[in-house]
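Student: As a plain string of letters, each chain reads:
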Amino acid sequence: MNNEPSLLDTFFEECEDLIIALSDGLTEMRDGQADNETINAVFRAVHSIKGAAGAFALDDLVNFAHKFETVLDDVRAQRLAPDDSLLRTLQRAGDMLADLVDNARNATPANRALVDPVLAELQAFLGPEEDTATDEFVFEPMSLDLGGQDDTSPVYRISFTPGRTFYALGHDPLLLILAIQDLGPTEICVTANDLPNNFSNLHWDDGYLTWTITLSGPVSDLPIREIFQFVDDLCDLRIENNECAPFAQTTFPDHPPQPEPESGPTTDAPQRGLKDEQAERTAIKPTTTLRVDPERIDRLINAVGELIINQSVISQRLQEAALPNSSELFADLDDYKLLAREIQEGVMAIRAQPVKPLFQRMLRIAREASDATGKSVVLITEGETTEVDKTVIERLADPLTHMIRNAIDHGIESPEKRIKSGKAQQGIIRLSASQRSGSIVIEIADDGAGLNRPQIRDTAIKKGLIADDTILSDQEIDQLLFAPGFSTAAEVTNLSGRGVGMDVVKTTITGLGGRVAISTVPGRGTTFSITLPLTLAVMDGMIINVSGQTMVVPITNILETIRPSQTDLSKIGLNNDLLRIRGDYVPIIDLAERLGHAPPGRPLTDRVLLLIQTESIAQCALAVDDIYDQRQVVVKSLQGNYGYILGVSGATILGDGKIALIIDPEAITNTTSVQSQIAQPTEGGRSYVAA
Amino acid sequence: MSPPDENTQGTQLEFVTLVAGGQNFCIEITQIREIRRWSPVTILPHSPSHVLGVINLRGAVIPIIDLAAKLGFDRISPTERHVIIITAIEDRIVGLLVESVSEILGVRSDMVRETPRSPDDTTMRAILGVIAVGDDMTKVINLSTLLTNSEPVAA
Amino acid sequence: MTTHILAIDDSRTIRSLLSLTLEKAGFRVTTAVDGVDGVNKYLDQGADLVITDVNMPNKDGFGVIEDIRHGDRNRAVPVLVLTTESGAALKERARKAGATGWIVKPFDDESLVAVIKRLTGG
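Protein chains in written order, with my numbering: chain A, 1 to 691; chain B, 1001 to 1155; chain C, 2001 to 2122.
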């Protein structure tokens, strides 16, 4: 077989799709929504993997898929009932098949210690190993050394009389004869003894001729048999060599038009399958897709980003040019803006992918976690078709894995406890995705015990994250989960603890320009909501001056901008300023000071306040030095070349080519509660950099 | 200079020599993307003293590091005459601010001597080896150690 | 004239494999992604030989053969069934469905080409 890498790639790409189809089907079966076609689709997925894997001699994969397929075939034929234990085994087998595909892709050997138990489980449903003997039978052609026959050229007499079926099935006697002639010198004779005397009895589609071929040459009868491999039962074939009894020159009886038996035990199955499949209309349609090198798309996205920047620069220049309002340039500029937006959305749509594969991975995570904890948990996924940027999907895998493990490990109670508190024994985790006004919201909701706030508080005190007399609101306590160092390897169970804590979850999501919110009801469960921007690359931002540095604050966080008068401001303690607004008091944070760009205690008059709202603090005002503009900015990551900076979610390039940092208001405001404890990288006390 | 030995072992390497903190260093040429004049940076909050900030390099955000400060010397006060060496290592692109860049040095790999002392301070850890140049010597900077190992740029 | 082969398989991998092998051997290859697509393409374009998978969505391989053998276009076209099964049961099933011959997956390209040449003379 010609194992070109591109073909193997095709195979693995196809496997991805098949594994999804498989996993889909198994989920439907689990939920009891499976019909015949679902089971057929599951069977076909495994069958296709097996068939194609065979072409690449991926034996581990073929063998496993074979066993898996055999069980599925029994389910399909209703010889096996899909009860709970069988469904669990099928799920595990599905997971294992995905693993084996990964193994094959990475060219790593299969882990027998993991594979064999699943194989044994599958076998258990098939009963004692009886099928293998018949099913694994493979016909392998081999060359035989037939010794003495080589010395004297044997002479074969081959005679065949094609019947009606022979012709109906597309065979051609001429081609067979030509093939025999390739083996050696031949003499050919045709007898037409079977032709009816009365030609009106002649059927055009019947066979009446007998060919007799005398073949001499250094051949065994194997290649001859091979030539007749498809027709040996359709043409009254006789092969005799010279040492056998003399060839009987007799006429051969005519063939009945229908030589096959009318019915046989083995012929029922395919016919039934055929009808089933024709009857069902809900077959999986192959989707036409275009595979593009992601780098090309990224280049396009960058170019579109530049286009948007360019558009805002032009729009600024035009405004400065003080043209008359009637100028047609403004209308043209509006068109330009619209087109740029459209191109941007189109390009981003190329990168958008449904969250389904991601969610399906989580189904498996949940299964494994519930197996490991001995808790009975079902993960229900919703909104799988919601499309999210590819990068987001890739980067969400780790945080979601962690959160789902966490929910099962810490959120869902033990079965006994659940029963005691009047809940169903089986815990439910809902993983949902939806699009809400320009954002993607992903929720992980468990119906467990809810967050234990006193315990979280105690842990935070024990770890030195907060002082033991700190007064925190419920929301602030919840946010402690995300504080670096809150969960450590020593204390999380071996399940959740994988070196990732919730702080990493939060960092990742912030890095994507998103936020995480927690809501919890004691005894009823906890919901984590991840809100992500619809597009990664572009966002609406307020361009501000922070102590001489140009920065950007996302518009979505800003409620209003205020130029305060002295009467709007009041002080608590030495350095805590408050803004009075509509009878409420809102804390003021000096952004420059918080970022280390200016010393504390600068006067707040002559400054601009941005009233912002975040998940952790209801409202707060960011004091900045000036506001320049409001426009779309292209978000660039700082993570790749530099790393995470507290309070900064990314950077953008302004019209003049300079870089402006994008502020993460959530992180900025959040530092009030756990600020002093977060280890800051300071080398010899950095001095404040003034403009 | 004697002609190279016929049986010379080792491959030919090229280094760019530079001056930082008044001392001679060099960086393997394959790790260098480009060399450009100093231009003002955007300051990063909460950054260590050797991190000057970030610049826009054709649409990418590149951090700039004061090599002298990173190696434990006094910080450079950048002017128009200073030079930024854009390096690429392990998928990261980082600019190094240095006092000047002198020449391209071609040597055989066996002419790179191991660092004489056991690496115990920041400077020594970041030195891969030394190359004798006439009476003087130049130290080969280990960019992986300098930028990624114990202390990521952001740390 | 180049021998025209219609290859029907729902597996992208097998389709690519068949195209690659057969085109290298000098055949012209049309592929179809399932049974319905396959029958449509056959009625539309014809073929000198059809290779079809058995297990496919929409219409399986036996359905394809049935349609071809009862269709309006050359009913006696050679049809090869691609299958992972082997043995006597297969032969009987394929024969009953009207297949000309069968190829057991994984196939090796030489014998595949040899079988096709024998059935088409091409």
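It is worth saying that the hints were derived from the structure and are not from the lab. Some hints here could point you the wrong way.
Unchecked claim - Each pair of labels, with its calculated beta carbon distance range:
id: 1; chain 1: C; residue 1: K2024; chain 2: A; residue 2: S216; range: 31 to 41 angstroms
id: 2; chain 1: A; residue 1: I471; chain 2: B; residue 2: A1060; range: 12 to 22 angstroms
id: 3; chain 1: A; residue 1: D298; chain 2: C; residue 2: R2073; range: 41 to 51 angstroms
To be verified - Cut-off 25 angstroms, straight-line C-alpha distance, at most; resulting in silico cross-link-like pairs (SDA-like, lysine to any residue):
id: 4; chain 1: C; residue 1: K2117; chain 2: A; residue 2: P173
id: 5; chain 1: C; residue 1: K2091; chain 2: A; residue 2: K658
id: 6; chain 1: C; residue 1: K2096; chain 2: A; residue 2: I456
id: 7; chain 1: A; residue 1: K390; chain 2: B; residue 2: R1037
id: 8; chain 1: C; residue 1: K2096; chain 2: A; residue 2: F228
id: 9; chain 1: C; residue 1: K2096; chain 2: A; residue 2: K658
id: 10; chain 1: A; residue 1: K390; chain 2: B; residue 2: G1059
id: 11; chain 1: C; residue 1: K2096; chain 2: A; residue 2: Y167
id: 12; chain 1: A; residue 1: K658; chain 2: B; residue 2: R1037
id: 13; chain 1: A; residue 1: K420; chain 2: A; residue 2: I456
id: 14; chain 1: C; residue 1: K2117; chain 2: A; residue 2: T89
id: 15; chain 1: C; residue 1: K2096; chain 2: A; residue 2: D74
id: 16; chain 1: C; residue 1: K2091; chain 2: A; residue 2: Y167
id: 17; chain 1: C; residue 1: K2091; chain 2: A; residue 2: T70
id: 18; chain 1: C; residue 1: K2091; chain 2: A; residue 2: L237
Beta carbons are placed, not taken as given, at the ideal position from N, Cα and C, and that holds for glycine.
Student: Does each hint fit the structure? Answer for all of them.
Tutor: Outcome of the hint check:
no., hint, result
1, C:K2024 x A:S216: 31 to 41 angstroms, "holds (34 angstroms)"
2, A:I471 x B:A1060: 12 to 22 angstroms, "violated (45 angstroms)"
3, A:D298 x C:R2073: 41 to 51 angstroms, "holds (48 angstroms)"
4, C:K2117 x A:P173, "holds (14 angstroms)"
5, C:K2091 x A:K658, "violated (74 angstroms)"
6, C:K2096 x A:I456, "violated (71 angstroms)"
7, A:K390 x B:R1037, "violated (37 angstroms)"
8, C:K2096 x A:F228, "holds (18 angstroms)"
9, C:K2096 x A:K658, "violated (76 angstroms)"
10, A:K390 x B:G1059, "holds (21 angstroms)"
11, C:K2096 x A:Y167, "holds (14 angstroms)"
12, A:K658 x B:R1037, "holds (16 angstroms)"
13, A:K420 x A:I456, "holds (24 angstroms)"
14, C:K2117 x A:T89, "violated (45 angstroms)"
15, C:K2096 x A:D74, "holds (23 angstroms)"
16, C:K2091 x A:Y167, "holds (17 angstroms)"
17, C:K2091 x A:T70, "holds (20 angstroms)"
18, C:K2091 x A:L237, "holds (17 angstroms)"
The earlier numbered hints that this structure contradicts are 2, 5, 6, 7, 9, 14.
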